[in-house]
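Trainee: Chains as they are written, first to last, in this note's numbering: chain D, 25 to 417; chain P, 139 to 354.
Any given hint could turn out to be false.
Unchecked claim - Below, in silico cross-link-like pairs of lysine-lysine (DSSO-like), each with a Cα-Cα straight-line distance of 27 Å or less:
hint, chain 1, residue 1, chain 2, residue 2
1, D, Lys278, D, Lys217
2, D, Lys140, P, Lys266
3, D, Lys278, P, Lys266
Said to hold, decoys possible - Okay, the calculated beta carbon distance ranges per label pair:
hint, chain 1, residue 1, chain 2, residue 2, range
4, P, Arg182, D, His228, 53 to 61 Å
5, P, Ala348, D, Asp46, 30 to 38 Å
6, D, Arg204, P, Pro246, 58 to 66 Å
7, P, Pro246, D, His145, 41 to 49 Å
What the hints assert, rightly or not - Sample of chain P residues with no beta-carbon within 12 Å of chain D, all distances over it, derived:
hint, residue
8, Leu156
9, Ile191
10, Val196
11, Arg281
12, Phe315
13, Arg335
These are computed hints drawn from the structure, not numbers from a lab. Ideal Cβ placement from N, Cα and C applies to all residues, glycine included.
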Amino acid sequence: MQDTSGAVVAFEHVTKRYGGPDAAPAVDDLSLTVPAGEVCVLVGPSGCGKTTSMKMVNRLIEPSGGRITIDGDDVMSLPAVELRRRIGYVIQQVGLFPHLTIGDNVAVVPKLLRWKGQRIHERVEELLELVGLEPAQYRDRYPNELSGGERQRVGVARALAADPPVMLMDEPFGAVDPIRRDGLQNEFLRLQKRVRKTIIFVTHDVDEAIKMGDRIAILQRGGILAQYDTPAAILANPASEFVERFVGADRGLKRLSLGRVDDLDLIEAVLVRAGEQRAEVRVRLDRVEELTYALLVDQRDRPLGWIDQGDLRGDGPIDPGAATPGAPTVEMETTLRDALSALLGSSVQLGVVVDERGGVMGLVSVDAIGERLRNPVRAADGQLHEVGEVAAS
Amino acid sequence: MDLGWIVRNLDEIGQRTLEHVLLTVIAVVIGFAISFVLALLIRRLSWLEGPIIGVSGVLYAIPSLALFALLIPFTGVRNPLLTAEIALVSYTILILLRNILAGLAAVPREVIEAADGMGYTPSQRLWKVELPVALPVIVAGLRIATVTIIGLVTVTALIGLGGLGYLIVDIGYRRFFLTATLVGSVGAVLLAVIADRGFVLLQHALTPWARRRTEG
Numbered sequence: 025m026q027d028t029s030g031a032v033v034a035f036e037h038v039t040k041r042y043g044g045p046d047a048a049p050a051v052d053d054l055s056l057t058v059p060a061g062e063v064c065v066l067v068g069p070s071g072c073g074k075t076t077s078m079k080m081v082n083r084l085i086e087p088s089g090g091r092i093t094i095d096g097d098d099v100m101s102l103p104a105v106e107l108r109r110r111i112g113y114v115i116q117q118v119g120l121f122p123h124l125t126i127g128d129n130v131a132v133v134p135k136l137l138r139w140k141g142q143r144i145h146e147r148v149e150e151l152l153e154l155v156g157l158e159p160a161q162y163r164d165r166y167p168n169e170l171s172g173g174e175r176q177r178v179g180v181a182r183a184l185a186a187d188p189p190v191m192l193m194d195e196p197f198g199a200v201d202p203i204r205r206d207g208l209q210n211e212f213l214r215l216q217k218r219v220r221k222t223i224i225f226v227t228h229d230v231d232e233a234i235k236m237g238d239r240i241a242i243l244q245r246g247g248i249l250a251q252y253d254t255p256a257a258i259l260a261n262p263a264s265e266f267v268e269r270f271v272g273a274d275r276g277l278k279r280l281s282l283g284r285v286d287d288l289d290l291i292e293a294v295l296v297r298a299g300e301q302r303a304e305v306r307v308r309l310d311r312v313e314e315l316t317y318a319l320l321v322d323q324r325d326r327p328l329g330w331i332d333q334g335d336l337r338g339d340g341p342i343d344p345g346a347a348t349p350g351a352p353t354v355e356m357e358t359t360l361r362d363a364l365s366a367l368l369g370s371s372v373q374l375g376v377v378v379d380e381r382g383g384v385m386g387l388v389s390v391d392a393i394g395e396r397l398r399n400p401v402r403a404a405d406g407q408l409h410e411v412g413e414v415a416a417s
Numbered sequence: 139m140d141l142g143w144i145v146r147n148l149d150e151i152g153q154r155t156l157e158h159v160l161l162t163v164i165a166v167v168i169g170f171a172i173s174f175v176l177a178l179l180i181r182r183l184s185w186l187e188g189p190i191i192g193v194s195g196v197l198y199a200i201p202s203l204a205l206f207a208l209l210i211p212f213t214g215v216r217n218p219l220l221t222a223e224i225a226l227v228s229y230t231i232l233i234l235l236r237n238i239l240a241g242l243a244a245v246p247r248e249v250i251e252a253a254d255g256m257g258y259t260p261s262q263r264l265w266k267v268e269l270p271v272a273l274p275v276i277v278a279g280l281r282i283a284t285v286t287i288i289g290l291v292t293v294t295a296l297i298g299l300g301g302l303g304y305l306i307v308d309i310g311y312r313r314f315f316l317t318a319t320l321v322g323s324v325g326a327v328l329l330a331v332i333a334d335r336g337f338v339l340l341q342h343a344l345t346p347w348a349r350r351r352t353e354g
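Next comes chain P alone, as it looks inside the complex (with noise of 0.2 Å):
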């Protein structure tokens, strides 16, 4: 362990994490806007849910690595931002998707009756009653999301950005430097337990309504 190295870098090491934290937002707000769309187009056409959640499937169980492989024929290697993030979006879809539409899908009958009945249009409906009862269950995708996607964006290291992977990988392992390996792994971890604490936060205060129960 190299104290030294690491009081020397601060700026790199910053730098890096700074790079891995816009990498991940990247992923989860372009990821959670494909998704949302998704979700409400499988509201309109259920029969779309089946193969829509196959194929995101099927995008989830692709290793990174590999993926990485399948896309850099058509994003070219001088493109590792389009090529990383492709593949880091489409990781968000199936969590995020699900997420949406299970939310939705446990609005309770009773309640969107009730809507119904006091007159909401479908869109007033859908914004005003069913997202916000959704939103826990949003905002728990989005969590799972994201520490995933912090961890996966390690991996990008590999086609040359990584941010914090890239001490791992091409300060750490290439130059068998066990110090920048400990503090990108390190590093990595820390974020993704920031990012969850924070949803956590979040979350309860976007639903003051889901935390407080009947007493006695």
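Here chain D stands alone, though its shape is the one from the complex (with noise of 0.2 Å):
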């Protein structure tokens, strides 16, 4: 655990009921523990308590039994207050406070825990850069200015202010749109290979959970634990009949999410600027056997369309109005399913790989996914069924 900044976070027999003790539970005997650094995702249906079970950790609701503790420590043996400094909050609606700038938002905590004026302000700087948000930009506007993703950034680097070894995340996405939810995702996965906190995440989405999860628990009405283990082992054993209709029919193109772009070999893209003489772009293409487009870019490498081979004939400069746009880009975060899915809605079937500034990396083809899923995945699936029979038994 020398690489991970967080701590173990445990649930002994948690139970939580509203009103007198014959109440219905609304989390019911919950035991799990969270290993250092890795990502917890609460999921289930509304009323299945992932909500009330994340706010016990930092007590903005107390449990009726059972105990949490923080790398051994009771959370109840602190000040509620000054347990909350020590724990990363973020919620879907960010909560960040509009009459402070961006900069004293994130500066919040620290004040509150009273650190020094100058330590304030580099730590600061340190996380607007590290939720990529240009201090100098971003530093003194007000939360009204931003955008939804800016401001949900914004909080994430808020809650990170005080370098807690705990997060909790109430849907952190889920007020952003769909499109933009997938690069904020991919954005917290690269923050978090990088901060290696110990997270608790709440979603009510499974696919969310899936790709966000290093463990997933699912709970069902009345508090109840039904599974918690590694998404992979969820996949291929669900524990009981709810957890299979909670993840769903469609649980083998599921699977296609445990993977990433990552785990693919790229291949090498033809890239073309404006400009450039179409014979010898010719020579570059007929090189790679696979591939019968060129791809058009910008100066920064970003793309701009295909051009195909049909469009090179001929003599002169590329004509940069022949390129076909509409390239769908993929991350190296994005889940095969995700790429299979936008790949398939495209004409070329290539997807662009891309890095955080939007240059090119590389490309992915179908038949690579298609690839993936016949081979190596089996060999996964061949280890996925130990741990599952590890956790059954």
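Could you use the hints to bring the two separately framed chains together as a complex?
Mentor: Right, here's the structure in full:
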């Protein structure tokens, strides 16, 4: 666990009842352990107690029974206010303070902890950069001047400010439109790779759970834990009919979500810029057997469109107007399922893999994803069965 | 219109204007202090909201003249300042209290949840988050209350005070001197307009975050 700044979070027979001891529990005898530095997704239908369970960690809700520990220390042993300053908290509506600048919003917890001004200033710069917001450009603006996605990034920066070992995230991408959600999820996964926090992440979306979680806790109505395991093990061996139904009939397809573009060998793209000579591009394209298209890019290597072999005949510079726009772009963190879906929807059936700045890294093809499905996934499947059996025994 | 009278009496007019401002400021400041305390009380004991708003509503509904007449048996004829300020303050309370409560109630739920989640204590949350976020609505209340009181102060001339109301009632009406009535009236209106604009500027200065909007 040397590479983590996270802490082990353990629920031990945690129960929450609203009302008297006879009331039906909202969370019923929940026991699970989240290893340090892992993302644990709490998922389930509404009324399953997932948000309640999460909020008991920072005591926005007090448990009726059982205990929750962070690195072995009972959360009840600290005053609630001090506990909360040590736990990052991100909510769906973000809840930035409208009267404070972005910089001051990020500085909230360090100020509560009475850090020195210089240290706070440096930390704010560092965090804004970490979440991809240029400090000079954003520090002095107010939340109502930002877009929804930018605000959510500020929300994450604010939660990370005092470098808490544990973060709680309540449907953090729930209010973002589906297209931008994928980008924010990828960004978050890259961020988590660097910070390695222990994260408790609540969502009602199974696909999001599979993509984001190192482990998934599936809860059912009445706050009962139906299954707690890795996404692969849950997809391979659902513990009950409820889990099977909740995960969905397309489990096979969902297993595609376990793989990422990162796992594929990328095809090297033949990049073309406006003004290049057709003959020269033709030679380059001929060298790559599986490609019949060159990719037109701008000065910063961002994709503009496909150029068909047929448009490369003859002499003279290439015609940027002949390019077919709409090449689907995916990132290294995109799941194979999302990548396949994007590829099937486009005419060329090639996906452009881009980095954070939108620059081309390579290409993926439907064939490559199919190959991956047929071979290595089956091998992984064998392993996964073992994991499932260990969990079941 | 007797311009000569105005020039000869500039000192008096200035004096009365100052008096008018003073009567207003005392009423608004005391009214705000009381409203603020009442608002905090209602936050803790929410059942008090109905009765307190009810009483301040009744006070607000009593005509000012009637309120003076009702108060004088308790405050005495010799104490017009106390009589006047009790009446003026009671008029501010309904406006100010309502706006403070409305401002606090309008703080978005997620902002409060975030503040709790970040580890603010309840009093830090009130002073550093809720009140600042409620500030535009609170200042709007101060603006309405001040303009209202500037108008009402003129009536206190009837019990021997009045600021610019003295010019209207004691010189203008009783001695039937139209110029004084005009000077008093225009002066009171000007004061109200200046106060109104002043609060708009104050609000802009205090809440830069509420004015900028997302571009695009």
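Trainee: All the hints need checking, so say for each whether the structure fits it.
Mentor: Evaluation of the provided hints:
Distance hint between Lys278 of chain D and Lys217 of chain D is fulfilled; the C-alpha atoms sit about 23 Å from each other, no more than 27 Å. Distance check on the hinted pair: Lys140 of chain D and Lys266 of chain P sit about 19 Å apart at the alpha-carbon level, within 27 Å; holds. Among the hinted pairs, Lys278 of chain D with Lys266 of chain P is inconsistent with the structure: their alpha-carbon atoms are about 46 Å apart, more than 27 Å. Restraint check, Arg182 of chain P to His228 of chain D: a C-beta distance of roughly 36 Å breaks the suggested window 53 to 61 Å.
Ala348 of chain P and Asp46 of chain D have their C-beta atoms about 48 Å apart, which leaves the hinted 30 to 38 Å range violated. Distance hint check for Arg204 of chain D and Pro246 of chain P: the Cβ-Cβ separation is about 22 Å, which falls outside the suggested range of 58 to 66 Å. Under the hint 41 to 49 Å, the C-beta atoms of Pro246 of chain P and His145 of chain D, about 28 Å apart, miss the expected range. The beta carbon of Leu156 of chain P is kept farther than 12 Å from every beta carbon of chain D, the shortest such distance being approximately 35 Å.
Separation of Ile191 of chain P from chain D is adequate, the least Cβ-Cβ distance of about 27 Å exceeding the 12 Å criterion. Every Cβ of chain D is farther than 12 Å from the Cβ of Val196 of chain P; the closest lies at roughly 35 Å, confirming the non-interface assignment. The Cβ of Arg281 of chain P sits about 19 Å from the closest Cβ of chain D, beyond the 12 Å cut-off, so the non-interface label holds. For Phe315 of chain P, the condition that its CB be more than 12 Å from all CB atoms of chain D holds, with the nearest at approximately 51 Å.
Taking the minimum C-beta to C-beta distance to chain D, about 23 Å, the non-interface status of Arg335 of chain P holds against the 12 Å cut.
This entry does not satisfy hints 3, 4, 5, 6, 7, going by the numbered hints stated previously.
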